[in-house]
Amino acid sequence: MARKKIGIFKYVVLPLALVCSASVWGADVERGVGVNERTIKDYSPAGVRAGSFMIHPFFESQNEYKDNIYSQQNNTQDDFIFHLQPGVNARSNWNRHALEANASTDMQLYTSHSSEDKENYAFDLNGRLDVLKENFATAKFYYTHQYEDRGSPDSPFNASKPVQYDTTGGLVGYEHKINRVRFNVLNDAQHLDYENSISSSDTFINNDDRDRQKNTSTGRIGYEIMSGYEAFVRGSYNFIEYDQKFDDFGLQRSSDGYEVVTGIALDFTGKLVGDAYIGYARQEYDDAQLKTISDITGGFGLKWMPTGLTTVSARVDRAINETTQGFSSGYFSTASTVTIDHELLRNVLLNASAGYIFNDYRGGAGRQEDIYYAGISAKYLLNRNFFLKSGYNFRTRSTNSNNADYDINSVYFSLGAQL
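According to my numbering, the sequence shown holds residues -17 to 401 in order.
If a hint is listed, it holds; no wrong ones were tucked in.
Okay, derived cross-link-like pairs now, BS3-like style, lysine-lysine, Cα gap no bigger than 25 Å in a straight line: (1) K371 x K100; (2) K273 x K227; (3) K273 x K196; (4) K23 x K371; (5) K159 x K115; (6) K361 x K23; (7) K253 x K23; (8) K361 x K371; (9) K100 x K143; (10) K227 x K196.
These are calculated hints, taken from the structure and not from any lab test.
When you get a sec, could you build the whole thing from the sequences and use the hints?
Structure follows, in structure tokens:
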């Protein structure tokens, strides 16, 4: 049986913003496991055994209607979108160590606007090496092919097709525990590669000046005050290097920065788990025309399981983000979300979520954005291998820029298969 960790472990690691899957950082346990995370007997896919690995292929076919596909304030266009979403998960079933691979695809076919067709796909390979009982090393490689949202301020508004970009990256980490003291180190390196575009008037749009690599090194020290309470200090340093020294505006956007925070991770008997932290972040840019960004940062997260049938999750985080918009150097984003998952029946899962994002751009025109979103969905498990899902999503943005507001409504219905 796979090695188990105490429930607080998941929320000790969360403040590090580690993107490794659960199999990398330790097996799931009942403490702190919500409705969508636990295994539902008789309705969970059995998988296909291949030696010491379990293979879980899946496929989802989704029909979606969206009333504003270009994320515009005026002259909105609607369309029906057909999604084909095959994928596979392969996970080891070893007593020690772990290895996992994931591949997923989302092919989007627009009924009336074929120029918006997309082929998103992602792959990752991650593993955990158990050194001692409380010490282990991790590694992950990931690759994604995606499309920029039409409403992104960084995306050229007059591109005839959505901008494609690839993200290639990898991370390595190590955790070491001595008595009540826990040490974590992590290094995450990634490269973003944007494809050039053609405008609606058949002119060339250069996106190569947005290509960049980012490296973030993080260290964390935690002390278990008592069972279920861990105080921690975390520090990270990053540098961002653009492939081209100057962008189309003649700016040098490469930068380096750091973040230092202190906080606490909590686990109240597995029914209420979470973390909270506060600190300071700063990002300095090579070009003197780009304003240095520095401010208070912080966040908190809670997961409450009042009963075995309901999970309430809340998360707020404040961090510096990259932009290539005009003479803005970057922006502070404060993102909050609340999610409720409820098991109405053993095979009927309900979800409701809502969130708010405030983006505060530094330098340039001083752009500010208020983004609100909400959604509801229901999932009906027919048996181990088939499910139905339907939902509604709403998103709205208001800014201090001209003609940059929008409202988007979408509804969808899915049929899924899994082994």
